[in-house]
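Novice: Each chain, written out:
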Amino acid sequence: MRGYFSRHAQVLLATIGDIVRDPVGSALTIAVIGITLALPAGLFAALGNLDRLSEGWHRSAAFSVYLHRQTAAPRQVAAAIGRLPGVQAATYVSPAAGLAAFQRLSGFGAALTTLKRNPLPPVVLVTPRRETPAALKGLVQTLKATPGVALVQSDLRWLERLHAGLILGHRLAILLTVLLGLAVLLILGNIIRVAVMNRATEIEVIQLVGGTDRFIRRPFLYAGALQGALGALLAFLIVNLAIWAIDGPARQLAELYGSGYRLEGLGLHGFWWLLAGGAALGWSGSRLAVARELRRRRLT
Amino acid sequence: MIELRHVFKRYRGGADVLADINFTIEEGEMVFLTGPSGAGKSTLLKLIALIERPTRGRITVNGHDLTKLSRWRIPGFRREIGVVFQDNKLLNDRTLFDNVALPLIVRGIGGHELRHRVQAALDKVGLLARAHSYPLTLSGGEQQRVGIARAITNRPPLLIADEPTGNLDTALSDEVIDLFREFHEHGTTVVIATHEKRHIQRLGKRVIALSRAHSLATA
Ligand SMILES: Nc1ncnc2c1ncn2[C@@H]1O[C@H](COP(=O)(O)OP(=O)(O)OP(=O)(O)O)[C@@H](O)[C@H]1O
Ligand SMILES: [Mg+2]
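Those protein sequence lines, which keep their order, are chains A and D.
Mapping of the first sequence onto my numbering: position 89 corresponds to residue 89, and the numbering continues sequentially without gaps.
Convert by adding 1000 to the 1-based position in the second sequence; the result is the number in my numbering.
If you are wondering where the hints come from, they were derived from the structure by calculation, not from laboratory data.
Hints are supplied without guarantee of correctness; some may be wrong.
[Claimed, not checked] Coverage of chain D stretches by chain A, computed from C-beta distances (three or more under 8 Å per stretch; other residues unrestricted):
1) 1074-1084
2) 1092-1106
[What the hints assert, rightly or not] A short, non-exhaustive set of chain A residues, derived as facing chain D with CB atoms under 10 Å:
3) 197
4) 201
5) 202
6) 204
7) 206
8) 207
9) 208
10) 211
11) 212
12) 213
13) 216
14) 272
15) 275
16) 279
For every residue, glycine included, the Cβ atom is placed at its ideal position computed from N, Cα and C.
Isolated chain A, as found in the complex (with noise of 0.2 Å):
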């Protein structure tokens, strides 16, 4: 087993020297890899900041729940509203309280106080949890049925916009991964099959010693799937340059809005995932493409 490793050693600092041997060529190869890979990986970043920043939109989907002014207990009314599942939070403000709220907020103070009556209903402030919009047009419906509500006021609309927008998104992300993804497979396995059609006297004389398939294709899955991970890097190095090229400016327009909002690059996660999905890429590349030459150059 130690031999199998050393051995596995020895070929991967091979197939490094052979793209320290030609830094040329193999920078090339990395950079259209890294380019390539920096196209979808961009665009998931872009979508994870959308999400993030549509979390903040979220909180203002709150409800209002205006109860029947004669509902006996309206207190408990509220804290059966705020047990329901999808309800991360649920407000009572009594009328006397939403009117000294109005007075305060509406300037219309000294006006108020003439009124006999307390003109206001009680409502229920509810923050619902981070759901689709489909999820919480069915708050919606339970909170109607309710006993003891009279009138839910929500703006779902822009909440559903945005939310298939989103979606439309992730669907153009995934689109895009797909087939850039089959772009830098099939770069590689070009890359790859060159390299082999480069070694074909080598193939040839390993082939006549008795070296078997896996052999001969070992070195170059490595450096189909070395390249591939160099790519990843590169694309990585890409889209958090390019994020922090763009959030200083972000950061002034959302102060403009009054909000904190920053970009985020990618992490630590999409890191690993770029680097596992290049690697992939670039044995799997290989994979085919020394198939397919050592089919073609069979001796016999």
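On the provided structure of chain A, position chain D with the ligands as indicated by the hints.
Specialist: For chain D with the ligands alone, kept in the frame of chain A given last:
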């Protein structure tokens, strides 16, 4: 060790190179394969080493029926035979050491044993001092000896050599043939294609002669 029964070989689009070849070579035997240029000596050796497949007929080598040997068993089969090629087939971007080490490396042999065996093989052909030279810095005869060293490094039970003395002067040529005889005396089966009558007379071993008429005469 080697048995051919009604073997025919025709390359794509050509006439029969070999037609109805029959012979047996016993284990431990040393045999010369002769015939004029183009008679099919190299072709016959390629059939035995499974580098080419016969058009018809049956070949058995080292207990393997070559017509039935599946593709994934071929590398294992090739490790049992050492082949010296007419055109050497050396890797010019690798040192003599690395060239000779190749049959061991593909078997997963490394470290001390590898070094020991490669040095022994290079020593046998008198090129140990040049272990870290590249093939193209060697004379034709020296390159041929590297090919021999690579064929014996694996210590195969069967050695096949295609004109191993083609580029050598008389003294070196004799030395190389004596080297093959030494392996034969240690139990290795040896098949050498050559048209140097001198060796055949000197050693007095069995001769399989191919004629250009594609038939076979055995002496
Ligand atoms: N790969 C090939 N494709 C087509 N024809 C071939 C091929 N290899 C050999 N031949 C033909 O087969 C015949 C025998 O060739 P071979 O190389 O076996 O002869 P040989 O006896 O080894 O000759 P020499 O003494 O010159 O090495 C020749 O006519 C040659 O042209
Ligand atoms: Mg020949």
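Novice: Hint by hint, say whether it matches the structure.
Specialist: Against the structure, the hints come out as follows:
Counting residues of the region 1074-1084 of chain D whose beta carbon lies closer than 8 Å to any beta carbon of chain A gives 7, which reaches the threshold of three, so the coverage claim holds. Residue count for the region 1092-1106 of chain D with a Cβ under 8 Å from a Cβ of chain A: 3. That meets the three needed, and the coverage hint holds. The interface hint given for residue 197 of chain A is violated, since its Cβ lies 15 Å from the closest Cβ of chain D, which is over the 10 Å cut-off. For the restraint placing residue 201 of chain A at the interface with chain D, the shortest Cβ-Cβ distance is roughly 7 Å, inside the 10 Å limit, so the hint holds.
Taking 10 Å as the C-beta cut-off, the interface hint given for residue 202 of chain A holds, the closest approach to chain D being about 6 Å. With a least beta-carbon distance of about 7 Å to chain D, the hint placing residue 204 of chain A at the interface is held under the 10 Å criterion. The closest approach between the C-beta of residue 206 of chain A and any C-beta of chain D is roughly 6 Å, which is under the 10 Å cut-off, so the hint is satisfied. Hint status for residue 207 of chain A: holds, given a least beta-carbon distance of 8 Å to chain D, under 10 Å.
Look at residue 208 of chain A: its Cβ gets to within about 7 Å of chain D, closer than 10 Å, so that hint holds up. Below 10 Å, beta-carbon pairs count as interface contacts, and residue 211 of chain A has one with chain D at about 4 Å; its hint therefore holds. Taking 10 Å as the C-beta contact cut-off toward chain D, the hint placing residue 212 of chain A at the interface holds, the least distance being around 5 Å. Contact between residue 213 of chain A and chain D, as hinted, is supported at the beta carbon level, the nearest pair being about 8 Å apart and thus within 10 Å.
A least Cβ separation of about 9 Å between residue 216 of chain A and chain D falls short of the 10 Å threshold, and the interface hint therefore holds. With 10 Å as the threshold, the beta carbon of residue 272 of chain A stays out of range of chain D, its nearest partner Cβ sitting at about 32 Å, so the hint is violated. A hinted interface residue such as residue 275 of chain A counts as satisfied when its beta carbon comes closer than 10 Å to some beta carbon of chain D; here the least separation is about 30 Å, so the hint is violated. With 10 Å as the threshold, the beta carbon of residue 279 of chain A stays out of range of chain D, its nearest partner Cβ sitting at about 25 Å, so the hint is violated.
In this structure, the hints that do not hold are numbers 3, 14, 15, 16, in rising order.
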